[in-house]
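Chain by chain, the residues:
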Amino acid sequence: MILTIGIDVGSSAVKAAVVASPRNSGRTRESSKIVATHTERVRRRDQRHVIELAFDEALKAAGITREKLGYIATTGEGELVEFRTGHFYGMTAHARGALFLDPAARAVVDVGALHARAIVMDEHARVLSYRMTSQCASGSGQFLENVARYLGVTLDEVGPLSLTSAKPEKVSGICAVLAETDVINMVSRGIALADILKGIHESMAGRFAKLLKLMDLAPGTVLVTGGLAADEGLTACIQDALGKTKLSGQTVKTNPLSVHAGAIGAALWGAFRSERLASRPTVASPALAAV
Amino acid sequence: MDSVDQYVARADALYHDVSYRSVAEWKTRTGKKAAGHLPVYAPREIIDAAGMLPVAMHGAGDQVEIIRGDAYFQSYICQLPRSTIELAMSGRLDDIDAFLFPSTCDVIRNLSGMWKMLFPKKFVRYLDLPQNFDRKVAGRFWAGELRHLYADLCALNGTTPSDDALRLSLARFSANRRAVASLMALRASEPWRAPAAEAYLIIRAGDVMPVEEHTAFIEGYLAAAQGADRPMRDYTRVVVTGAFCEQPPLELIRTLERAGCYLVWDDFTVGARFLEGDVSLAGDPIEALAQAFLNQSVKNACVYEPDGKKGEWLVNTVRDTRADGVVFAAPSFCDPALLEQPMLVTALERAGIPHTSFKYAENLGQFQVIREQAGTFSDGLRLWSNA
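Quick note, the sequences are listed as chains S and U, same order.
The opening position of the first sequence corresponds to residue 1 in our numbering, with each subsequent residue numbered one higher.
The opening position of the second sequence corresponds to residue 1001 in our numbering, with each subsequent residue numbered one higher.
No wet-lab data here; the hints were simulated from the structure.
Fair warning: this is a prediction, and the values are worked out from it, not measured in the lab.
You may find that some hints are simply not true.
Said to hold, decoys possible - Label pairs and their computed distance ranges (CB to CB):
#	chain 1	residue 1	chain 2	residue 2	range
1	S	Met132	U	Asp1152	56 to 64 Å
2	S	Ala104	U	Asp1005	47 to 55 Å
3	U	Gln1131	S	Pro103	58 to 66 Å
4	S	Ala192	U	Gly1365	32 to 40 Å
5	U	Asp1070	S	Ala104	55 to 63 Å
6	U	Gly1352	S	Glu275	18 to 26 Å
7	S	Ala104	U	Glu1312	42 to 50 Å
8	S	Lys170	U	His1016	31 to 39 Å
9	S	Pro103	U	Gly1352	30 to 38 Å
Stated by the list, open to error - Cβ-to-Cβ under 7 Å is the rule here; a few derived chain U residues that face chain S:
#	residue
10	Asp1234
11	Arg1258
12	Gly1260
13	Gly1375
14	Thr1376
To be verified - Just some of the chain S residues that point at chain U, by a computed CB distance under 10 Å:
#	residue
15	Ala61
16	Gly63
17	Glu79
18	Gly86
19	Thr92
20	Ala125
21	Phe272
22	Arg273
C-beta atoms are modelled at their ideal positions from N, C-alpha and C, and glycine is treated no differently.
Sequences are here, hints too, so could you generate the full structure?
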């Protein structure tokens, strides 16, 4: 077995996943096992310190030391991780992690704190196309977190509350500032919290559905990953929004480990690369002898 | 022996010295004159043999706001001449006594004419590099040009032309090219030991350092880098081409490497290694330098090549350096680089070598798009090719 770790450095949290992979399993690694995961919120702390904490805690949870790792893979803002072996880009890592969590997944909606992206992939997790939300924050987790704070609800309560809404209130889907103004107006008009939250979910889901519609999306699972993957209200709204497009045959799902999809994907790719690198010859530098 | 950080700090200070204070100090110390030249190739040996300090001028990068320079060029002209004019108009080039403008492209050729009008008291020479590589015709022409240049620079500096001085300079620059080649070889074999931006700074230090000092500087850096404890990372090995004249911002080079690309070969400041190998010290030194240009120069977009061998040369460079792919990084509006690119792409595609391309300007300040592009290129190569 090869033990690898994936570290997904996000702007609000650092996620780490330790994965054990059978040797010689190529790119598929279906029988890999997730040994441990850990999430460390940044909370205005130095990001490098938080990365070290997440790394150490994941290793502790896995009951291993750093020397046992065959590859330290990073994703997200992982270029900050000086001790990394290699780095994989967000879409590459999320696609791989999503396929591992749900082998029927052919698309991913990764909702992070600062932006969201839709990824279409094949059955090998090869990214075929991707689209990101524009620079506006209204499609991001940070926006939802801010609104939840204004409304006095925790992020864990947002999804269940949204699901109880019978009459969602329309929110601006274009601009976070306008959307926040909408929310303030709704509160002063006495709109129910559930209806406000579902309105926000619908606004976000509409943007994600548009991203997916821009790509050649095959029938299959659309897995929601990233920090908002646990928000079942958002997942339900993405399913509804997709139903309103001309796309068909897609089921929007999430997974209890979806928040770690990037870290898991990076760890799996790390295992693949670890074996590939081991098969490469080491080259000395003959030119140095001349100096 | 200095540490890697000390070498890099010194090179970094010279890189950021767009007022050429180090040149002024050298002139004060030696009582001699300095001759600047634009990219790509100029016969620095001739300048050195005339007792002058050769200064390779690569614009101002992102360090100077262009105000006066823009007034002289249309919007579809690259950034390098604008910043060069800006430096001159702001007095930062006052310590440079002679200016050589090689025939790299129309813009640099025209810059020589502008210089004559703007700075009539300065020595200005347009270097019409041969584009016909016939030994007899081009050799006679180029040797004649070099002789005139040598005589004129000696007259300017108050020195006497001498074959011995020329041979000494040929030997010094051959030694320097060997040191640069060693650094490039280290980049090709163990790129984690000499990060791309570091190696770039070390080579760029030669823009303003006396050649023998620069050779020792590279050798010192190589020894320090070899002893430094730096981990090998799982990066893609790429060749970068197209950046031979206007230079990419330092942060762009760092971005490429941070995005997961080891730059195992590049044509940044290729003028410093335009001649491959040593120049013969036998016979007439001017003739030897002229023949070296005809027979030993690198393939480059600013040199005419009639039979499509540049594509083959790029493919061989990829194979020799065991690169996984090619990154075309060309300055916006760089005619030589961009016009050549389709031919090079054809050669790469025939050979099944992956490639990607982007454009930059020397004063570019945003690298996120290039970071994403280079990163996904690296991912694609590592995960879906034989890299």
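Status of the hints after comparison with the structure:
For the pair Met132/S and Asp1152/U, the supplied restraint of 56 to 64 Å holds, since their beta-carbon distance comes to about 58 Å. At about 52 Å, the beta-carbon gap between Ala104/S and Asp1005/U stays in the expected band of 47 to 55 Å. Our hint of 58 to 66 Å for Gln1131/U and Pro103/S holds, since their Cβ atoms are close to 60 Å apart. For Ala192/S and Gly1365/U, the hinted distance range of 32 to 40 Å is not satisfied, since their beta carbons lie about 47 Å from each other.
Separation of Asp1070/U from Ala104/S is about 57 Å and conforms to the stated range, judged on CB atoms against 55 to 63 Å. A beta carbon spacing of about 23 Å between Gly1352/U and Glu275/S agrees with the range 18 to 26 Å that was offered as a hint. For the pair Ala104/S and Glu1312/U, the beta carbons lie near 47 Å from each other, so the given range of 42 to 50 Å is met. Checked against the hint of 31 to 39 Å, the pair Lys170/S and His1016/U fails, with Cβ atoms roughly 54 Å apart.
Between Pro103/S and Gly1352/U the beta carbon distance is about 31 Å. The supplied range of 30 to 38 Å therefore holds. For Asp1234/U, the interface hint holds, since its Cβ comes within 7 Å of a Cβ in chain S; the closest pair sits about 3 Å apart. Checking Arg1258/U against chain S: minimum C-beta separation of about 5 Å stays under 7 Å; hint holds. Taking 7 Å as the C-beta cut-off, the interface hint given for Gly1260/U holds, the closest approach to chain S being about 5 Å.
Interface hint status for Gly1375/U: upheld, as the beta-carbon distance to the closest one in chain S is roughly 4 Å, under 7 Å. For Thr1376/U, the suggested interface contact is upheld, since its CB lies about 5 Å from the closest CB of chain S, less than 7 Å. The interface hint given for Ala61/S is broken, as the beta carbon of that residue sits about 25 Å from the closest beta carbon of chain U, more than 10 Å. A least Cβ separation of about 25 Å between Gly63/S and chain U goes past the 10 Å threshold, and the interface hint is therefore violated.
Annotation: interface hint on Glu79/S holds; nearest CB of chain U at approximately 5 Å, less than 10 Å. Checking Gly86/S against chain U by beta carbon gives a least distance of about 3 Å; that is within 10 Å, so the hint holds. Here the hint on Thr92/S is kept, as its CB sits about 4 Å from the closest CB of chain U, short of 10 Å. The interface hint given for Ala125/S is met, as the beta carbon of that residue sits about 9 Å from the closest beta carbon of chain U, less than 10 Å.
A cut of 10 Å between beta carbons decides the hint on Phe272/S: the least distance to chain U is about 7 Å, and the hint holds. A distance limit of 10 Å between C-beta atoms decides the matter here; for Arg273/S the minimum to chain U is near 5 Å, and the interface restraint holds.
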